[in-house]
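Q: As given, the protein sequences belong to chains A and B, one line each in that order. Position one of the first sequence corresponds to residue 1 (the numbering used here), numbered consecutively onward. Position one of the second sequence corresponds to residue 1 (the numbering used here), numbered consecutively onward.
Hints are computed from structural coordinates only; laboratory data are not their basis. Every value quoted in this text rests on a predicted model; they were computed, and no experiment measured them. Every residue gets a Cβ at the ideal spot worked out from N, C-alpha and C, and that includes glycine. Errors might be hidden in some of the hints.
[To be verified] Across the chosen pairs, the derived CB separations fall in these ranges:
(1) A:GLY174 / B:PRO203: 46 to 54 Å
(2) B:GLY89 / A:THR205: 47 to 55 Å
(3) B:VAL189 / A:ARG128: 39 to 47 Å
(4) A:THR205 / B:GLU229: 22 to 30 Å
(5) A:GLU250 / B:LEU302: 39 to 47 Å
[Claimed, not checked] Facing chain A, according to a computed beta carbon distance under 7 Å, are these residues of chain B, among others:
(6) GLY31
(7) GLY148
(8) GLY248
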Amino acid sequence: MTPHHDDERSAPAVERAGREPARVGVRVVRFGDAALLVELDDLAAVRRVDDALRAARAAARRAEHEGAPPTRRAQDDERVTRDAAADGRVLWSVVEDQVPAAETVLLRVRPGTDLRALARRVREVAQRASGAADEPAVERPLVVLPVTYDGPDLREVAALTGLSVEEVVARHVGATYTVAFGGFMPGFAYLVGLDPALVVPRLATPRPRVPAGSVAVADRFTAVYPASTPGGWRLLGTCPTRLFDVSRDEPALLTPGTRVRFEVAR
Amino acid sequence: MTGSSRAVEVLDPGLTTLVQDAGRPGWAHVGVGRSGAADVGAWRAANRAVGNDEDAAALEVLMGGLRLRALAEVEVAVAGARVAVTVDGAEPSPGAARQTGAATTLRLSVGNVLVLGRPERGLRTYVAVRGGIDVPPVLGSRAGDRLGGIGPAPLAAGDVLLVGDAHAPRGDRLPDGSPPDDPALDDAVLRVEPGPHAHWFEPRWPGVLCAPEGFVVAPSSDRVAVRLEGPPILRTPRAQGRELAPIGLVPGAVQVPPDGRPVVFGVDHPVTGGYPVLAVVRSSDLDLLAQVRPGDVVRLALALPRVR
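Just chain A, same shape as in the assembly (with noise of 0.2 Å):
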């Protein structure tokens, strides 16, 4: 059976395929009656896809509180929708939610949006997006956390990976890593640019307590616990940063997109 006849029992996609030629690599379909998933190839197409999504987001935002004249795409948005006051800012307004993961993209909805007109929009910005080069549709913070070595998995991971101590923490260090998306606990951001030497399976058997502030990896991953927390990750040492904090206007320091370096702690 293709992919193809495989979807037809699924979550219809809410643009019918076959109005415009199939472009690969993204799919935009309905999850339940008030979000929709774009599906994506990888994780390099979800950054740059929550990017330009977001930033349309923000603009129609800007554009709302200006009271700024509707664009001319907004303009192209009232035929789409044949409602006149489904103007482009109206119809992103509806967000309430946007979740990246790892081959996703969901859009959480305001329940009773028109999510065909929605998705048709979602779709172009999407396309264009994921279609771009690979540069980055918006400016990205740099965060640099200070790391104490010292974590109790730090010669296992060497065994595993048959490097030193001192070589997995030079190759932890030396990389720039990206916050590829979030969700498992507040605060929580799987990091993506390890070294592919660093890559190792997850502990067999999950810690009942991994302390806050235990610096991590598992599979392709790194990651900062936020919070003290069960967990299966192999840790390599302990950051004093404070990444999660609801009394700050972005209580978390490391959202989607935000380029991370490690640095030995002194």
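For this one, chain A is given, so just place chain B on it according to the hints.
A: Quick look at chain B alone, frame taken from chain A:
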């Protein structure tokens, strides 16, 4: 009136009583879920009955049992799962209580003790106090998120609750009237549409998920998820052993782990999940989902969306 004032003291929170409002949308990308009232309709009805803003914080009481003492003259409304309400051990007099739409409103004097009985059916009863429960908002919301540990903790005996001034200036309250019919909890039907991973499952999955026998709500169900006990839903041979990369979730998502037992996510659902989503419950049926209790039988019905 500005600022907040002492309104009630918690004598006994019952099984669990939480402060809830509309929740905190907009933070899912950093791992903070929306949370908020599980039965939005009942929470709103309680607020409207006392003339509060519709998004004022109120109490969400699990299985009744809440006991409150009034510290001031207060007006309260009770909605959601139907419970017996007593004031100082007696049924309130007809003058002190009245039915306003889906809610019962009461006036309490200083020292009055309000007690909620146990619901015969349903799970969550909402208690709104005129002015709105005033606890410090966290990320713009007073909702207690049990999964993420954000917002106010569950109430404890001895807690003193303040009310703010979250009432509409002219009291846009519901007219008096008779209570609406109970939601059909004896025969709860949740309408679902196919989810993004329905093709991972045997083509006859609708016959299993939407069988007339329904599923039994498991004891481990809570605000995070309602777990269903019944026949397992099987994957296609091709999808067996297949791993799903983490994916964003919504309330009402019906996730099926490898054991085939469906899990319907509630308002405190994890922000992302790792198992395929077979189906999604309609938004308008989520209030009913909040009222099914362990041991209840629920049926699911396939309701295809209009795509064109």
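Q: For every hint, state whether the structure bears it out.
A: Hint by hint, here is what the structure shows:
At roughly 50 Å, the beta carbons of GLY174 (chain A) and PRO203 (chain B) sit within the given window of 46 to 54 Å. GLY89 (chain B) and THR205 (chain A) have their C-beta atoms about 53 Å apart, which keeps the hinted 47 to 55 Å range intact. Between VAL189 (chain B) and ARG128 (chain A) the C-beta distance comes to about 42 Å, which sits within the given range of 39 to 47 Å. Checked against the hint of 22 to 30 Å, the pair THR205 (chain A) and GLU229 (chain B) passes, with Cβ atoms roughly 27 Å apart.
One distance hint, 39 to 47 Å for the beta-carbon pair GLU250 (chain A) and LEU302 (chain B), holds here, with the actual separation near 42 Å. For GLY31 (chain B), the interface hint holds, the least distance from its beta-carbon to any beta-carbon of chain A being 4 Å, beneath 7 Å. With its C-beta approaching chain A no nearer than about 5 Å, GLY148 (chain B) sits inside the 7 Å limit, and its interface hint holds. Checking GLY248 (chain B) against chain A: minimum C-beta separation of about 3 Å stays under 7 Å; hint holds.
Checked against the numbered hints above, the structure breaks none of them.
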